[in-house]
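**Q** The lines below spell out each chain.
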Amino acid sequence: MTFAAELDGFDFSAMARRIASADASAVERALNRPHRTIDDFAVLLSKAAEGYLEPMAQQARALTRSHFGNAVVLFTPLYISNYCDNGCRYCSFACQHQIGRHQLGPREIERECESISASGIRHILVLTGESRTHSTPDYLAESISVIAPHFSSVAIEVYPLQEQEYGRLIGLGVDALTLYQEVYDKERYRVLHPFGPKKDYLFRLETPERACRQNIRALTIGALLGLGDVHYEALCTALHLSYLHRNFPAVELSVSLPRLRPLVATFDDCTPVGDRAFVQILLAFRLVFPHIGITISTRESQQFRDNLLPLGVTKMSAGVSTAVGGHSSEDSVAQFEIDDTRSVEQVSSDLQRLGYQPVLHDWNHRLTA
Amino acid sequence: LEEDEVVEMQDRLVIKGVSLSSRLITGSGKYRDESIIPAVLEAAGCDIITVALRRVDFDRPQQSILNHIPQGKILLPNTSGARTAAEAIRIARMAREAGCGEWIKIEVINDQRYLLPDNAETVIATQTLAAEGFIVLPYISPDLPTARRLVDAGAAAVMPLGAPIGSNRGLITRELIEILIAEIELPIIVDAGIGKPSHAAQAMEMGAAAVLLNTAIASSPEPVMMARAFKQAVEAGRLAWRAGMGAVSTTAQPSSPLTGFLE
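Same order as they appear, the protein sequences are chains L and C. Heads up: the first sequence is residues 107 to 475, going by my numbering. Heads up: the second sequence is residues 40 to 302, going by my numbering.
Heads up, a few of these hints could be off.
[What the hints assert, rightly or not] Not the full set, but computed from the structure, chain L residues with beta-carbon under 7 Å of chain C:
no., residue
1, Ser172
2, Pro355
3, Ala356
4, His467
5, Thr474
Because the hints were derived from the structure by calculation, they are not lab data. Computed from a predicted structure; not experimentally measured. All C-beta atoms in this analysis are idealised placements derived from N, C-alpha and C, irrespective of residue type, glycine included.
Let's have the full structure, built from the sequences with the hints guiding it.
**A** Next up, the structure:
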């Protein structure tokens, strides 16, 4: 069964009632279970669970230590193109915005890689705007061929590809995929993505499955928090993780929890997620999925990121520029504003001071490619 | 030599003809600060150190974890990250090419939630690598038929898990491990799950040849002191096994209830 079919068959109204009616004893039962379920996830999102943030955090820390020790993997994003064919209403790279468009060629990419590599970073996340016409599959393949020799692990965050196209990039050294559904609520998705190939909800929803069938090693999914009802979005993300684990147990799954932070776009059709609600959601993910990675974005402030570390964070970006070519020059528009602007060296030494082990090298694509 | 020194010499752990003075094997992961590793190894007194090859940056040897491992120790790279026998075999060959020696711990895991080893793939990888001259230490879920296949495949030892890795829950698979100890001629090394020195002592008391652990030391607030505690526990457990346990009873027993009248 595809995830789309599973999602269609899921009884969300029963789950909404569960979230609304959960009381303290339901929360305590969920907290005392060794293996938790989606039902427990719903209970942990409830109003009743708000009073249990500290015991939830204590358990989250113990589970994270048991699965990941004190390790936090560091990576840097590399934007190679900001061309876009879509009209996502919340995004500053969307094609209706008059911004400088740029796509890096092999020599510019090489320069960016050298600059990032000099910071000590070995895990790279390669990003493009979602334009299959500009950043063609061939362009992606050529770019990956330039990038892969510089790094030990190469992740991509690009428009949804066909299954065989993932196979091709994996063969060139890509070992991880990040793909945000943005918003799981179909109606909200339709409103927020009025035109462009990204309108195709289903093709996007089934992207992680396509990559898994091609043996991708690691996968990060998530919803952009603020675009839809936050409980519904968290629940769908949890269902997605659960589906992917059941069907592809060998894949290293992670969840990323970006809060909407628009830059160029004048966009107010969103419901901001506050810090307490955000922490509750993060804890629910950690308690129900003790084995998954949790990535925290530089959209969050340094102080907030530091405080989230013991709650289950296992991956962080560092030395970030969200502008195309931003690692070796300074004249491009950023996709969103970053708050935590620390360098790799600063993040590493701060992690050590807080009792964590910054891990620059957690995989090498040459081990299996 | 004193008599007890002679006995100690006779009780050494032998793996594929290599005689080892310590029955404690430790890992090198999960440390807050890797520079503490030499002091931990010194306190643990171990001869063999495991290292996850996935964490070794061959492009930047100066920053590699291998720099924290003192000369003279046997390096036991593991194939962590391998999902199939083919991947484990490839990683093992790369370890050897990179100068990590002949020893290899086979770890094939294709369930990220429970991190339980895939015994069938492990047997396949063991067969290939043993034939290529590796000293192969396969990590398995304790299972007698698998262990027998590993013997046939040329394994140097068998390493059953005591509990899920990183869980620190002790010997929850105890009865299955006891069967392996009774039936398998190779050294049985309990790997994973050992959370405190008493767990290690228990494993040794029941006749395990050695124990392998990492989290319990690495995640302790005082790793060096904890390493020393494990060293003593392993030695105590081994001595107890050699001495032979006293009989266990659920009720109190006077020394000679039926024949005391003869005294």
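**Q** Next step is simple, just say for each hint if it's right about the structure.
**A** Cross-check of the supplied hints:
1. A least Cβ separation of about 5 Å between L/Ser172 and chain C falls short of the 7 Å threshold, and the interface hint therefore holds.
2. Checking L/Pro355 against chain C: minimum C-beta separation of about 4 Å stays under 7 Å; hint holds.
3. Here the hint on L/Ala356 is kept, as its CB sits about 4 Å from the closest CB of chain C, short of 7 Å.
4. For L/His467, the interface hint holds, the least distance from its beta-carbon to any beta-carbon of chain C being 4 Å, beneath 7 Å.
5. Hint status for L/Thr474: holds, given a least beta-carbon distance of 5 Å to chain C, under 7 Å.
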